Amino acid sequence: MIPFDFIYYRPDSLNEAAEVCQSLYVKGKSAVYYSGGSEVITMCRAGNIRPDAVIDIKHIPECMPLSVDGQHLNIGSVCTLNQIKESNLFPLLRLACGRIADHTNQCRITLGGNLCGSIIYREASLPLLISDAQVTLFGPEGKRTVSFQSVFQGRIQLKQGEFIVQVHIPTWALSARYAHIKKTAHEKIDYPLVSLAAIWKDGNLRIAFSGICSYPFRSGEIESVLNDRTKPCKERAGQAVDLLPEPAYSDAKDSGEYRAFVLKNTLQALLEEWENGKI
Amino acid sequence: MVRYENKVVISLDINGETQTLAVRPADLLLDVLREQLGLTAAKPGCLNGDCGACTVMVDGWPAKSCLMLAVEAEGRSILTVEGLGGTAAVQKAFVEANAFQCGYCTSGFLMVCHALKTQHPSMPEECVVEEWLQSNLCRCTSYREIRKAVQIIYQQNMP
Ligand SMILES: Cc1cc2nc3c(=O)[nH]c(=O)nc-3n(C[C@H](O)[C@H](O)[C@H](O)COP(=O)(O)OP(=O)(O)OC[C@H]3O[C@@H](n4cnc5c(N)ncnc54)[C@H](O)[C@@H]3O)c2cc1C
Ligand code: FES
Ligand code: FES
Numbered sequence: 001m002i003p004f005d006f007i008y009y010r011p012d013s014l015n016e017a018a019e020v021c022q023s024l025y026v027k028g029k030s031a032v033y034y035s036g037g038s039e040v041i042t043m044c045r046a047g048n049i050r051p052d053a054v055i056d057i058k059h060i061p062e063c064m065p066l067s068v069d070g071q072h073l074n075i076g077s078v079c080t081l082n083q084i085k086e087s088n089l090f091p092l093l094r095l096a097c098g099r100i101a102d103h104t105n106q107c108r109i110t111l112g113g114n115l116c117g118s119i120i121y122r123e124a125s126l127p128l129l130i131s132d133a134q135v136t137l138f139g140p141e142g143k144r145t146v147s148f149q150s151v152f153q154g155r156i157q158l159k160q161g162e163f164i165v166q167v168h169i170p171t172w173a174l175s176a177r178y179a180h181i182k183k184t185a186h187e188k189i190d191y192p193l194v195s196l197a198a199i200w201k202d203g204n205l206r207i208a209f210s211g212i213c214s215y216p217f218r219s220g221e222i223e224s225v226l227n228d229r230t231k232p233c234k235e236r237a238g239q240a241v242d243l244l245p246e247p248a249y250s251d252a253k254d255s256g257e258y259r260a261f262v263l264k265n266t267l268q269a270l271l272e273e274w275e276n277g278k279i
Numbered sequence: 001m002v003r004y005e006n007k008v009v010i011s012l013d014i015n016g017e018t019q020t021l022a023v024r025p026a027d028l029l030l031d032v033l034r035e036q037l038g039l040t041a042a043k044p045g046c047l048n049g050d051c052g053a054c055t056v057m058v059d060g061w062p063a064k065s066c067l068m069l070a071v072e073a074e075g076r077s078i079l080t081v082e083g084l085g086g087t088a089a090v091q092k093a094f095v096e097a098n099a100f101q102c103g104y105c106t107s108g109f110l111m112v113c114h115a116l117k118t119q120h121p122s123m124p125e126e127c128v129v130e131e132w133l134q135s136n137l138c139r140c141t142s143y144r145e146i147r148k149a150v151q152i153i154y155q156q157n158m159p
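Chains as they are written, first to last, in the numbering used here: chain A, 1 to 279; chain B, 1 to 159.
Rather than coming from a laboratory, the hints here were simulated on the basis of the structure. The structure presented is a predicted model; accordingly, all values stated were derived computationally and were not measured.
With a straight-line cut-off of 25 Å between C-alpha atoms, the simulated DMTMM-like cross-links for lysine to aspartate or glutamate are:
(1) A:LYS27 to A:ASP12
(2) B:LYS7 to A:GLU19
(3) B:LYS7 to A:ASP5
Okay, chain B solo, but in the shape it has when bound (with noise of 0.2 Å):
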């Protein structure tokens, strides 16, 4: 049986990099991405699990890293936007949609559409499209924008 107390030293796969980093057994992943490591682009919105501004990709699957502990994430795969490199199909798509504004939730609808081409290879039926997206909130309201790079993606057929 694992037992963290007070300050552990854990090792997780980041972007494809395993990272060794000591934390608390309370602190949540997304303090642990952006404060230890850097990795600015998950970004803290409403903290409850409402907004998705703070998206990042867990083996494959979207989760919103200000509800999940840093010590959960051992032996799990994670992806931020710093690992899709700038040049990731679902970021070229963003930008030919012109799929933001002031770009505070694109870094989570990045992982978001970035989670669904994995998920579904294919162009999805629209319900789903539309389930994924909702999980997300856009206070400049690109909605139309962002629907139009993951109809991008799937036609260009990006991997």
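Looking at chain A on its own, in the form it has when it is part of the complex (with noise of 0.2 Å):
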């Protein structure tokens, strides 16, 4: 049970989402966006957050599309990560829709909440971190597109009041290499100890990562190493891990050495794939 009221809202369209987030926050009201609602229901349940209002945007249209208009696979924010499996439309994040958490909650669990959970993970960033990848918001301000990467720091930096309307990925990506791993401590569904999604794009690798930090995130220095073909792949797997752009994650079940661990035996298992032609 959650152990307080809130007002819940359903607006039918952006501006009414916006204007009512926004006149919610001008009388000193919080409001939480709402899509899939699995992150926001055990953190009010657990006494985490305790918002006057919740604002349900799985009724506006803008944010259902799921199909390619030519240049681009849109992606609407409230489709569910079973919705994109279940498309195939774009093969890598398929893979990593797949892989969060388990069947029933990805009939639930949204991309744009995913993105814009509290959890630390949020997997389904990455094969938007390597795709160039464009992300459309709505606010109080209005609409903006922007590029993934450029807005996507370690977690969406959005303004008050803004909410994900829809990921725009281009149709290159949808046809490129791919590689997926997801590593865990001991079932196959659970947080990752290591996650990462890659693509190659004009023969160069593209990598972003999720578990290994407190962020997901990629970096252009550890791709420069990985890229190096002219050295041995162990040695480009350790340099890797050394240029992380914080020290490993530990938390009570790992620790930081043991991801790192994990880590370079991953990446060094992969680009031997990639040597050896198998990806």
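Put the complex together from the two separate chains, hints included.
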């Protein structure tokens, strides 16, 4: 049971959603956007958040598409991970979504919710960071479409009252060579020790990571090292781990050292597969 | 735009019947099913989306009712184990395969298996069955028997 009351809004348009969020803000009331709701409900129940209102954006038509328009695959923020999987329009994103939580939760968790959640992994961000994706945001100041990578620094940087409407993935990425690897400590369904998404553009590897640090990231320095094919795979993998943007993430379950060890081996195996033409 | 504050009266389609209820916007579907409607098949377990004991079917797909607000269920079709009627193929298959011990997880598994058969009328690949079943936990470890029950449903081509 959620042990307090909130007001539930279900807007039918982008404007309605932003207006209601803004009007609550100026009155000093707290509001959260609500999509799949799995995190909002859990955090309300556990007392981590106590919003005065939730704004359910699942009925806004602009947040719903899942189709290719010629140059881009457009995915509405309220599309569930399962809808994205079943569509199989972007195979790399399909794999990433298919390893987040379990199947029943994938029928509920949305792309927007995963990208904006407070849980540190946000694994659906990885394919977007490496595919020149763009994101359309809407808020009290109107609509803007920006590069996903520029607005996602560990977590998405939204202005007051802004929410994700859609992501747009250029069609080159839909048919590019790719790899997705998620390593967990024990069970297949678990948060990642290390999760990575890779894509090849013009023969170069692009790669993004989750689990290894306290936020998902893509690093130009790491990509440079991994693409230096004059060096052995093992050496490149070791150098990449030395270039992490912060010390490897430690929590009660797994130490940073262990995560770094797993990452090094995973990268070496990935590079060897690439060298051997298996990817 | 819908705006719900305090107690509101909503109509939900549950097991093919329209139910008119007074709920708080913060009420969870699981709690409303159990405490207002007496539909106690969906069970509270972890309440975090991990165990699947609370699974129901929403518009033909499995959903963990501990992670859904009752007000969100408006306009959707909700099916619980009570709606299966006691003689559904999936229920018979679970009995035939002895697919339970204490039974606490059984309602959730029944709904996942029923949704699987609804979405995949013909036997899907093994990895699909595995993927769907992995959404639920059985502390008594009846997993092999539950897997057998799924096989029975498809082998006997039960509806
Ligand atoms: C059992 C379980 C296992 C999980 N395993 C994984 C895992 O392996 N890897 C992983 O990455 N995650 C995992 N998660 C986390 C899950 O992806 C996040 O909790 C996610 O936030 C849930 O998405 P939702 O649509 O239900 O979000 P909501 O609960 O609706 O929203 C989450 C947050 O995002 C905000 N938000 C939602 N949509 C938008 C939008 N369009 N624009 C702006 N803000 C928005 C909300 O305000 C809220 O702050 C798991 C969750 C569960 C329950
Ligand atoms: S009680 Fe809902 S998943 Fe455990
Ligand atoms: S039969 Fe006891 S939890 Fe599954």
